[in-house]
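Put chain V on the given structure of chain R with help from the hints.
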Amino acid sequence: MGDGRMGGGEEERLLEQIAAGDVDAFAALYDRYSRSVYSLACRMLGDSQTAQEITQDVFEGIWRGARAFTPRRGNARGWILALAHHKSVDALRRQKVRAVEPLSEVQAHDADVVAVALARVEGEAVRAALGTLSDVQRTVVVLAYYGGYTQQEIAHRLAVPLGTIKTRMRDGLQRLRTALGGVGESMR
Amino acid sequence: MTHEELRELIPAYAIDALDLEDERAVEVHLEACPACQRDLAELRAVAAELAAGVGAVDPPPALRGRVLDAVRVKTRGPIPAPSPRPRWVAGALAAAAGLLIILGGLAAYQSQRINALSGRLDQQDRLLALLAAPTTRSAQLTGSVRANVRFVYDRASGRGALVVTGLNDPGAGLVYEIWLVAGTQPRPAGIFRSTPGQPVIIPVAADFGRYRAVAISIEHGPQGSSGGPTTAPILAASI
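Quick note, the sequences are listed as chains R and V, same order. Residue numbers 1 to 188, in the numbering used here, belong to the letters of the first sequence in order. Residue numbers 1 to 239, in the numbering used here, belong to the letters of the second sequence in order.
Among the clues, some could well be false.
What the hints assert, rightly or not - Label pairs and their in silico Cβ distance ranges:
1) V:G158 with R:H156: 21 to 29 Å
2) R:L118 with V:D207: 33 to 41 Å
3) R:Q174 with V:T195: 48 to 56 Å
Simulated from the structure, these hints should not be mistaken for lab results. The C-beta atom is built at its ideal place from N, Cα and C for all residues, glycine as well.
Extracted from the complex, chain R is given alone in its bound form (with noise of 0.2 Å):
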């Protein structure tokens, strides 16, 4: 199952069956999915019960979806995994509108809220790439990619200028694509 990798544009053809209102495509799309969707929103979310829920909701999204998907933005994989990923950041929204913010997280530096999330990155590519960037850069990715803040928000807490952040995340995104061997290059 791993992270839901199949070669050669199986996954398109998966979405173009779901589209067509095919099950068993679903099926098999989940069983190639699940785990990695699960994982990104048990991480970013730390309970496994939203997580469930993000999960159900991002794969009914699929198959309404499916339709929808556009290879212009990107292969299959990239768009689950945004879906997977904007789901949850909702959620995370959502948990931090309702609740008063917990006191560990008004005490903890930005730091240790980085540290912890790149505590949960096991992937020893991605480890790596994360390496590669500058602190300020790996604080704003991390903090908006795994902390699902926007970038506003970044802005305020670490008081540096909206503008500052902007290029912080686009440099950050774009050496990490270089660590990462180029992916997405295929789509130029």
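Coordinates of chain V only, in the frame set by chain R:
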């Protein structure tokens, strides 16, 4: 925002680091900009690696059954919402027929008003953003008439739209009225007329998380009913 300003937002968009307003602006822009679509494709590949980099946890095996069951239910079509007002009198429709001649002139007024509404550009932009939003859901309305009527809605932004094709004209002096149903008091959510072959899109904004169903009934034009539906709904879907 200009293309350059929007393009600068693509990295943050790719990792969901924009607030709702910027996110919607990027989504609308993406519809029409191949250069930004290419940027997004590259950045999504990077984001996918970040996603795949977290330590793997196996989902509970029971989740598979729940997800597949949910989809199989959807394949059979949405469950029609229970009639919110069981005491609705079918006879009201017959009474309405008596008003046809008197109210006939008002139908033209109503359709002009609707054309003005759905023709507005910013609403089309909003609809595009709505359709592009990954959190947008869609429900097919079913009931006693044959028509293709879908309700698309996004709980996150509170935006939605009823997309109607192939629904017959309700009859002179009558309008279709949209209702959002929670508990016993349906909330009026818009009125429209329809002619087969001409799609109609009616924007609906609400806190959709509070409602269980969307329904359409036939009411006297041009204002419809404000206190609640006066006829049994012809189409409904749970949301």
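Give me the numbers of the hints this structure contradicts, sorted from smallest to largest.
Violated hints: none; all satisfied.
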